[in-house]
Amino acid sequence: GPKVLQIPSHQIIDMGQMVTLNCDPVSNHLYFYWYKQILGQQMEFLVNFYNGKVMEKSKLFKDQFSVERPDGSYFTLKIQPTALEDSAVYFCASSPLLSAETLYFGSGTRLTVL
Amino acid sequence: QQKVQQSPESLSVPEGGMASLNCTSSDRNFQYFWWYRQHSGEGPKALMSIFSDGDKKEGRFTAHLNKASLHVSLHIRDSQPSDSALYFCAASEQSNNRIFFGDGTQLVVKP
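Respectively, the protein sequence lines represent chains A and Y. Going by the working numbering, the first sequence opens with residue 1, and the numbers climb by one from there. Going by the working numbering, the second sequence opens with residue 1001, and the numbers climb by one from there.
These are calculated hints, taken from the structure and not from any lab test. Just so you know, even glycine gets a beta-carbon here, dropped at the ideal spot from N, CA and C. Hints are supplied without guarantee of correctness; some may be wrong.
The calculated BS3-like cross-link candidates involving lysine-lysine, where the alpha carbons are at most 25 Å apart (straight line), are [claimed, not checked]:
#1 Y/K1067 <-> Y/K1057
#2 A/K3 <-> A/K53
#3 A/K62 <-> Y/K1003
#4 Y/K1045 <-> A/K57
#5 Y/K1110 <-> A/K57
#6 A/K3 <-> A/K57
#7 A/K3 <-> A/K59
#8 Y/K1045 <-> A/K3
#9 A/K59 <-> A/K78
#10 Y/K1057 <-> Y/K1045
#11 Y/K1067 <-> Y/K1003
#12 Y/K1056 <-> Y/K1045
#13 Y/K1110 <-> Y/K1045
#14 Y/K1003 <-> A/K59
#15 Y/K1045 <-> Y/K1067
Anything over 10 Å on all C-beta distances counts as not near chain A; from chain Y, calculated [said to hold, decoys possible]:
#16 V1013
#17 N1022
#18 E1042
#19 E1058
#20 G1059
#21 R1060
#22 L1065
#23 N1066
#24 K1067
#25 Q1080
#26 S1084
#27 P1111
Extracted from the complex, chain A is given alone in its bound form (with noise of 0.2 Å):
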């Protein structure tokens, strides 16, 4: 089936720095999604995209939070500074159309803030 790929996935690094998350979508899809899953359990909405913009994001997607996808490039979700609430499986999805479409994940970045 359609794959989502998610690069790295494993991200360790000290709190304040940068990171850079990095998702390559199924490539017909128009959607892209953010979620945040901690302790393996509850999967949490940050962002959704379109077209080059932000659609809708949650009161987790903390003002540190930026994504984009440059033309034919990676969706990416860039934490700066990152704090060490943020250490969490980040996953990508995807989807072609907006509403009452099924999500595409990948296998998640599992980030790890010390």
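Mind docking chain Y on chain A? Use the hints.
Just chain Y now, with coordinates in the frame of chain A:
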């Protein structure tokens, strides 16, 4: 308040048995529902979508939706050890694709 609530938190069934998972929502704007499954070390993968009242069957999996009561269930018959995973109920409104996930039900199928 959590918009999508699941029960039970964990469930153990013998191989070949029936597993029943439940989900309720507090938001009457939700129109679309999914069940996602997540195996350890992987991302969630959609099992089934259900958008209309009633039952939807796909192989060993049957989902049931009652929009009036905002209740969704998933029944897995002839459960297999490979069905052991974290199961999420998810829901969204009609106008966007901000999908809300429940806390998940951890299913263990014992050989």
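Hints, one by one, checked against the model:
no.	hint	in the structure
1	Y/K1067 <-> Y/K1057	holds (17 Å)
2	A/K3 <-> A/K53	holds (23 Å)
3	A/K62 <-> Y/K1003	holds (21 Å)
4	Y/K1045 <-> A/K57	holds (22 Å)
5	Y/K1110 <-> A/K57	violated (40 Å)
6	A/K3 <-> A/K57	holds (24 Å)
7	A/K3 <-> A/K59	violated (28 Å)
8	Y/K1045 <-> A/K3	holds (11 Å)
9	A/K59 <-> A/K78	holds (16 Å)
10	Y/K1057 <-> Y/K1045	holds (17 Å)
11	Y/K1067 <-> Y/K1003	holds (15 Å)
12	Y/K1056 <-> Y/K1045	holds (18 Å)
13	Y/K1110 <-> Y/K1045	holds (22 Å)
14	Y/K1003 <-> A/K59	holds (15 Å)
15	Y/K1045 <-> Y/K1067	holds (23 Å)
16	V1013	holds (20 Å)
17	N1022	holds (17 Å)
18	E1042	violated (5 Å)
19	E1058	holds (13 Å)
20	G1059	holds (16 Å)
21	R1060	holds (19 Å)
22	L1065	holds (13 Å)
23	N1066	holds (18 Å)
24	K1067	holds (14 Å)
25	Q1080	holds (20 Å)
26	S1084	holds (14 Å)
27	P1111	holds (23 Å)
Taken one by one, the earlier hints fail for this structure at numbers 5, 7 and 18, listed in ascending order.
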